[in-house]
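Given these sequences and hints, build the entire structure.
Sequence positions in the sequence shown follow UniProt numbering and run 1 to 293.
Pairs of lysine-lysine, DSS-like flavour, derived with a Cα cap of 30 Å:
#1 Lys69 x Lys51
#2 Lys136 x Lys216
#3 Lys216 x Lys199
#4 Lys199 x Lys51
Just the calculated beta-carbon pair ranges, DEER-fashion:
#5 Gln52 x Val28: 33 to 43 Å
#6 Arg65 x Val28: 47 to 57 Å
#7 Lys49 x Asn213: 42 to 52 Å
#8 Leu209 x Gly66: 46 to 56 Å
#9 Leu209 x Leu283: 24 to 34 Å
#10 Pro233 x Leu55: 31 to 41 Å
It is worth saying that the hints were derived from the structure and are not from the lab. By construction, the Cβ of each residue, glycine as well, lies at the ideal position given by its N, Cα and C atoms.
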Amino acid sequence: MLNSRFISIGRRYYTAINSFGKNKSPNVKYVNTLSHILQGITQNYTPPKLKQLLLYNNICLLTCRGLNKEYFKDFYKTMREGSKVALRYVFDNINNNDLDALSKCCEEKLYSKMFKELSDVRQTGVKLVINLEVIKSCTVDNIEVLLGLQRGDRMIYDKISNVMGLHIPMYTNKQLKHKDLVNEIIDRGAVVMVDVSIKVKQKFLLYDLKGNNITKSYIDTFNTLEYKHMLQPIDTIHLLRFESSIIPNTTNSIFTFVNQNENFGQEPFQCTEWTLCDLNGILNRNYPLDVSI
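Quick look at the structure:
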């Protein structure tokens, strides 16, 4: 169910990065910034409250299934499994500096951010490798549904009502009755936002351009605590936010869909592939709307 580009990834996982440049001195700032983004949340992580898990998430999931039952079948299982594959996929391509692969699975703003950070490190002559040793668990923390709008739409802040995870635009149309106005909102589709937390054990490694492991010597040289987490594996949590658009089932859609079959084609709405739109909060969850006050 999750992004087919994640699911179709090969079985092999690489731990080497392509050469980042020649004869360039390491830059502590760039390596430090990227390593802290990919370090995850090692402390001060607050899991979702019980009412979020049992009430809000189920209300949002019921809304999604009302629009497309087949796509959201076995949602929790497929989301958990797909998220773990997605995390490995992203880390593998960061290790390999495969920016093209990242562009195909990340939302545009997230890709631009990752492109900048990877490009900065690339210029230092240091290879940063993430060794994802163990994936311990994966939890679907939060589900939110934005009704009647799509990513990039503009909206005034106080014109959006948030009810139990459902973000509903407050349109006013005196010519339409309340029931017709609700139908008009639903007919515009929705955006589904899903937050997932993944507990892992991982380790960072630094290599020079010749392939030598310089992790310890690099830390000793700069004598900073910023890199102490690279000396041994750490337990951490990665927070991923995925997004999918639900739009009316028309033959003229500009989107590419997954799970296309005879039964799926009978659904009133179709769903785009899942896209990673935030990683460890570097874009503050990357809300899909352009909201003004």
